[in-house]
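**Q** Positions 1 to 158 (the working numbering) are the ones given, in order, by the sequence shown.
It is worth saying that the hints were derived from the structure and are not from the lab.
Backbone N, C-alpha and C define an ideal beta-carbon position, used for all residues, glycine too.
Be careful, since some hints might not be right.
Stated by the list, open to error - Here are the simulated BS3-like cross-link-like pairs (lysine-lysine), alpha carbons at most 25 Å apart as the crow flies:
(1) 93 / 116
(2) 105 / 133
(3) 133 / 93
(4) 53 / 93
(5) 116 / 133
(6) 93 / 105
(7) 53 / 133
(8) 133 / 48
(9) 32 / 116
(10) 32 / 105
(11) 133 / 32
(12) 53 / 105
(13) 133 / 90
(14) 48 / 90
(15) 48 / 32
Said to hold, decoys possible - What follows is a set of in silico ranges between Cβ atoms, one per label pair, in the way DEER data are often shown:
(16) 58 / 108: 34 to 42 Å
(17) 18 / 45: 14 to 22 Å
(18) 39 / 8: 26 to 34 Å
(19) 136 / 14: 25 to 33 Å
(20) 18 / 109: 19 to 27 Å
(21) 13 / 111: 32 to 40 Å
(22) 20 / 72: 23 to 31 Å
(23) 125 / 15: 27 to 35 Å
(24) 44 / 127: 27 to 35 Å
(25) 158 / 22: 31 to 39 Å
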Amino acid sequence: MDLIADGNFATPSFAGNFYQFSNADEPSFPWKIAWVDSSIDPTTNPPKAELQKPSGGNLYLELASTAPYQISQTITPQPGQDYVFSFRAKARKGYPSDFLARLTKPNGVVVEYHIKPGADWQTYTFCQCPTGKEVVVTFVGLGKNDGGAFIDDVHYVN
């Protein structure tokens, strides 16, 4: 059973090749969007995620499309069961595309993976055995404005 909601970034639907939106614009989007830079006031400048849709291709998320931001989702795994956390990523050509894949456990322990994707899609897979009832899955963009990593196919399954 996959605990991630919309790990393929299939929603929201939109016309065109990309779509920037905030959680207020798309309240049903299951990922929470936040700025990485705490000096940006989210009330006057809401953080926006960007979905990309190449012609004839599947949707995927771009981190740091407007400024470095993060997306997160809280999931509820069963303690003591083994899970596999996986996702696909690739770099946007010509841009620094480093990002963090972070799992925050209820006891405050953070498991963090610094990802430096290449030019082609690559799958990243990590085994997890949660000890508490909630885990926060977060992707943190480390790139600059107008470029970042592409992320797709996020899963947390047992």
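**Q** Now tell me, hint by hint, if it's right for this structure.
**A** Hints, one by one, checked against the model:
no., hint, verdict
1, 93 / 116, "holds, 13 Å"
2, 105 / 133, "holds, 8 Å"
3, 133 / 93, "violated, 39 Å"
4, 53 / 93, "holds, 16 Å"
5, 116 / 133, "violated, 30 Å"
6, 93 / 105, "violated, 33 Å"
7, 53 / 133, "violated, 35 Å"
8, 133 / 48, "violated, 29 Å"
9, 32 / 116, "holds, 23 Å"
10, 32 / 105, "holds, 17 Å"
11, 133 / 32, "holds, 19 Å"
12, 53 / 105, "violated, 33 Å"
13, 133 / 90, "violated, 31 Å"
14, 48 / 90, "holds, 20 Å"
15, 48 / 32, "holds, 10 Å"
16, 58 / 108: 34 to 42 Å, "holds, 35 Å"
17, 18 / 45: 14 to 22 Å, "holds, 19 Å"
18, 39 / 8: 26 to 34 Å, "holds, 33 Å"
19, 136 / 14: 25 to 33 Å, "holds, 27 Å"
20, 18 / 109: 19 to 27 Å, "violated, 36 Å"
21, 13 / 111: 32 to 40 Å, "holds, 33 Å"
22, 20 / 72: 23 to 31 Å, "violated, 18 Å"
23, 125 / 15: 27 to 35 Å, "holds, 34 Å"
24, 44 / 127: 27 to 35 Å, "violated, 42 Å"
25, 158 / 22: 31 to 39 Å, "holds, 32 Å"
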